[in-house]
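Undergrad: Hints given; two lone chains; assemble the complex.
Chains as they are written, first to last, in the numbering used here: chain A, 5 to 552; chain B, 63 to 373.
Don't read these hints as lab results, they were simulated from the structure. Honestly, I wouldn't trust all of these hints.
[What the hints assert, rightly or not] Ranges of calculated distance between the beta carbons of each label pair, as one might list FRET restraints:
1. 85(A) / 156(B): 31 to 41 Å
2. 114(A) / 167(B): 48 to 58 Å
3. 484(A) / 289(B): 53 to 63 Å
[To be verified] Listed below are the simulated DMTMM-like cross-link pairs for lysine to aspartate or glutamate, each with C-alpha atoms no more than 20 Å apart in a straight line:
4. 473(A) / 64(B)
5. 372(A) / 197(B)
6. 372(A) / 161(B)
7. 218(A) / 327(A)
8. 106(A) / 34(A)
9. 218(A) / 64(B)
10. 372(A) / 156(B)
11. 201(B) / 202(A)
Even glycine gets a Cβ: it sits at the ideal position worked out from N, Cα and C.
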Amino acid sequence: MPPALQNPVTLWLLLTAALAGLVYAFMRPELRWKAIGYGSFLLACAVAIWPPYEREGVPGKIHLGLDLRGGIHLVLQVVVEDALNATVDDAVTTARDQATRKGIQYGAIQRVSPTSFSVEGTEPARVKDMRDVLRDFFGRSWEVREAGEGKFTVEMNDLYQRQLKDQTVQEAIRTLERRVNALGVAEPVIAAQGSRGDQILVQLPGVTDIEQAKRIIKTTAQLSLRLVENAAASQETLLQGVGGKVPDNMELDSGPSDTPGQPTYYLLRKEAMITGRDLKNARVGVDESNRPQINFSLNATATDKFARETGRNIGRQLAIVLDGTVYSAPVIQAKLGSDNRITGHFSTQEADELSKILKAGALPATLKYLQELTVGASLGRDSIRDGVRASIAAMAFITIFMLIYYRLAGLNAIVALAGNMLIVLAAMAYTSATLTLPGVAGIILTVGVGVDTNVLVFERIREELRNGKTVRAAVQNGFERVWITILDTHATALIAAAFLFQFGTGPIKGFAVTLVIGLVSNIFASYFVSKFIFEWVLGKRHVESLSI
Amino acid sequence: MEIIKNPNFNFIGRAKYFIALSIALIVASVAWIATGHLRYGVEFSGGTQLVLHFQNPPEIDQIRDAVTRISPGSVIQTYGDIKANKVLVRIGEEAPESDLDAPARAVRQALADTYGQNPILESSSEIVGPIVGAELRQKAILLTTLGLLFQLIYIAARFKGGVWGVGATIAAFHDVLIALGVLAFLNFEVTLNIIAALLTLVGYSVNDTFVIFDRARENLAHRRKDPMARILNDSLNQTLTRTIISNGTTFLTVLGLFLFGGEVLRGFGLAMVVGIVVGTYSTLFIAVPLVSWWYGRQERVGGPGVGPAGR
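Next up, chain B with everything else stripped away, as it sits in the complex (with noise of 0.2 Å):
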């Protein structure tokens, strides 16, 4: 069974409607959370979230209202299976340094007073002081940053080429960005896990694009006669159906992620899932062609032969 036979797209002539595309997507990205609407899990912005686990059919209404009257601004919801009897509660206030869980204990309080009728069994808590929140959100900015910068230091020198290195790491930006404004979109929490996806996505980002690079250098050596467009193109073409299985397969692991993975790994699903769409896409219409816009206007500067590692 084959999906495509011997595919012959041209990608990079028509790159520049997608490029035009990403630019668009990744301003709207970016305008979207610098307005405001990317949420922190508790981790980032510090706070208190309680799982409480009830022993009957817990009355959503009725914790809300005993939890709003003590700690204004709370976030009340059912959490998990509906027949689990648990309850996510999101306390509105910060967790003093002083008495981390002065809030937990006032909002369970609360809960016996007034809803006493129902038990909690079960408490769960994440409590984070002001300044771990800070500092993990500077760490995440920080790590992921590096992380790119040192993949792209990795492909730079296995390519004897910068631009190799460059048009992978914009590309994996590129996913990063997206997929965090689509999070942001559907008002998903930036959690560590989240953090964990998207780094792990800038590897299968860059992964990915590695294979079409590889193959454009064995291409090179056999075809240096070539233009530089030609030879990405038919590189993209002899791997495109790697590429499409590949992500597919992947795809499909997520998949299962988001579908079953309960309410913890289900961000962590969705952010890999849009990642790995998005990572598909900019593989194939904007990593190789950045790289062979940069060797066509080389072409036409410096005449033809340029290559890379093949010098």
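Next comes chain A alone, as it looks inside the complex (with noise of 0.2 Å):
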């Protein structure tokens, strides 16, 4: 094809003015609008579907749904609880950081819902000062309610929850879009779903790796740098040097040391100096032994921050931890820059895919499954088979039976049906909508209901052609007659299928667009092509009788 012929709209303004030449040249004055009006319409549509499927390496116009072409759809809830006890905490450190600046003796400031913190055995000569304290840096999003004896509960309002909520579920969608991108993935979709808008959505076409796109997927990739106060072999070895509890600003964590098997256990800052918001970029690369390293960069102010905090605890161990596991813990040897690593236990395979991860961010919240759907391509191949064999089937039925029956009619009511097949291709192809198995269901479902309104038509017809009308004047009132009828049984037929959206994305999603579509260009093919093949092949000449 030549290069100019390869953009569409041009392709298509030069088939219609070949059809409007041949219009011109063969078709009575009256037709010639309605004519070239319908038949760049159609033009238009078929140039918008071609090519239609994915032919030496140009992509197909029609999108195949993933249980057509294979690959993962994956439903996630995120636990927002995860994010709303972060907050609390955070709100926990400063309300401790705010008394004990102001020298408010309490006993004791507390997480104890994943929305509320108490404050607990406030000196009873400073209630006034902690209620100010709570009130000025909690008023606005948060409820304070005293118990009296210099007791608080600090409770997060409504609004502030959906918003957290809100805010946990787009920060999750964003980090999950640049995980996907870094695997490679054409055409994903990643959205949120559901009614408590706590679900996402994560289609991903054509993988064919699940496990490794579901790890990439469900890691949260907390990443933080802590200093160590302690470490030890053991976890009773490290309590006994605090007295047997952990205390408020510390945490327990372990990690893998160099004796396989053998964990070793870190007491922890609380506070962390750097965490995974404040990386610039991660990449694979290898210590000195030619082990797989992660290199990480951190962002300006983290760089500052960062050489402050190293360069006043030199000597002191700093461990890097990633969702809950200590990875390493070296000891501070001078101030640190931008550039660090992350040296450990894991394969090239493990350390690739952590850099990715790291440099895609932090899920904001763990993400648990509810549903998972992964569909092999030989799979998707087999359906692809079924769905084109059972077209097939049911369009030859069909253009039999009506052949049969209304004879020359039955060939006006096949080009109407072919039409209608054209446009719901096209549209689906212009709104990339996909086209899964159910919805090939739903186009074979609509051209056996365009069939009934040529049926309508043709019946009547009939009727009125044994009524002892003219056949011009049986076909004008065919039509006419038939029209409001028409417009009901599509409605109601609309009204079913916008249910059917209600089922949110996966195939039968596919199924009611494909039904949709078809519903509203079926009154254009089978009722209006109809109506202009009939006047077009009547004509002017007087027309005794009619094959119908």
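TA: Structure (structure tokens):
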């Protein structure tokens, strides 16, 4: 094909011009405009779907759903509680800091639920000060309730909870998008869904390594660099040093040591020096002994803070914690800058995946799988074959029947059917809707219903002929009388199809899409185009009989 | 070519026999479903369904031994064309919310361990956690009911009379129940595809009824003196050929789906095939006679000439 014709608009204009020439040469003047209008519309549809499927590297215009081309469909739930907990923990830290700064003595400040924390044992003389501190810092998005005797409960209000929830889901979606891009998937879908808005749909068409994709999606990837207070080979030893209980501002984590199967336990500062948010970039590298490592660099603000903090803590251990596991805890030798590394015990593939995940950023909360659908490529091919076979069978049944029963008028119905299918496919190509196997069923069904419109008209024409009307009057009346019926029947079918949309994305949405488009295009193809064909064939001459 | 020349059947006069038949069928369907004979697909019941593609023709018995040893109650059967070397495994246990794909992994591992001579080339899976399954079940019932309700409202509004909408809706409901009963009787699973088929069926059932109602409305405009029963019966006869032909062609298309659509579309096709047959029957013998019966009562109470929209 010459390059100029590869532009669809040019191609369409040329075809339309050719059509206009033919129409001008062979058609009666009063039909010309209609013929060119209808014809150029159908030509536009044909151009829109060309080429329909992938050929010689040119992607097809019809997007196949993952039930036809294989891939993964996951529904994940964002455990929003994680994000709420983290926010309350931040608030607890703020409250403690402020109280300490103002010199207010208190018994305990701690999280009591995912949305609230309590303050207990405030010294009686300073209850008012504590109240002011809490009101100042938590007045807007939180509710401060006082229970007397220096006890307070501070709880997030509903609006703030909702905001946090939405933010968490949105942030999770953005993170997943970045991760999926790192996987190199074409046409992924990542979107919020579900009535409570805390579910995320992930569709990865064409993905073959399903296990890898799932790992990359699910890893939380909370990275933090924390100072080590103490390290030991057992929890007991660590706890003895701090009086049997982990202090408020610390936490206990573990990680692999040089002896396999013998973890090392660490008592770490709760406050992180650096978190995953401070990362600018991450990639795989190798260490001195050629083992894989992850190199990462920090953004400008974090670099300043990191340099300051490491400079102040030379000689101490700094733990690199990823999702609760201490990967390594090197001793700080000097003030550190922007570029750093994580060494540890991982394979090249693990290091590669981890660096991709770190670069894409951490998930704000844990994700839980609710639903998983994986379709292998060969199963998809089977489905395409079945769909094509069923379509051909249905078309053949209808064609044979209509030709036998309505003779030449049956041909008219078949032209309308072909037009209808062309429009449905073009609309799908144009809107990038995906064709699923139920979608194929939807198209076949559309064809079946499309025939109904023709049957309604044809039967009415026959009836009018029986009542002694002339052919022209019978055709005229036939089309006019059934118009309202056609509108009504299509409206009721559209109502049913609209409810199918509510089932969300999966293959069923594909069914609803084709059904809706098919119903609308059917009115054009089976009514207007069909009517035009009658007008054209009947012409101006006097017609005695009609092959119907 | 014509099927019936000038049909003149007395549909309305014989309606009571057909209504009795329909009630019997509905009672049978509901009883069959209520006694737990309706099987749900994984998307509704929750659980795991695998389609495993083996390198060589699979020995179902050996696979069944390997799978049921670790997961009793699993169902194993050939999937699709026998030459495709595909086996469907419906795992007996629930998919745990904490580790959704654990049972699927375990089954694949068990097969690799004890049936390693015939390796799995490709594994497709559908795993649904219990929460999603329950949510979807509720949604399916809610949407089907709402779909019916809105169509009722639309028809009632178009005909300015609730009874027309109620007649069409009862007929559609009748079709859905009987189609479900037949599916349960033939041991088909209710999947999302089946729900789609049922909702579509609602649309077509109403659609079919609508054509006749429209004709009755047209006839009413110039035959205001005739009793409603006669007008409705004439309308049925006038549109009878259309009803048979239209439903016949739709029947042929869905028959194509049922026969050639493969494993995924077979249930969908069957639901539609049954639905179209029952839907045609209910249009002729249930929906229109119901409306006629209602107006018959009105005419006895309020005198002749009570009609819809025309007023």
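Undergrad: Now tell me, hint by hint, if it's right for this structure.
TA: Quick rundown of the hints versus the structure:
no.	hint	verdict
1	85(A) / 156(B): 31 to 41 Å	23 Å, violated
2	114(A) / 167(B): 48 to 58 Å	39 Å, violated
3	484(A) / 289(B): 53 to 63 Å	28 Å, violated
4	473(A) / 64(B)	19 Å, holds
5	372(A) / 197(B)	16 Å, holds
6	372(A) / 161(B)	8 Å, holds
7	218(A) / 327(A)	16 Å, holds
8	106(A) / 34(A)	91 Å, violated
9	218(A) / 64(B)	60 Å, violated
10	372(A) / 156(B)	16 Å, holds
11	201(B) / 202(A)	17 Å, holds
Checked against the numbered hints above, the structure breaks hints 1, 2, 3, 8, 9 and satisfies the rest.
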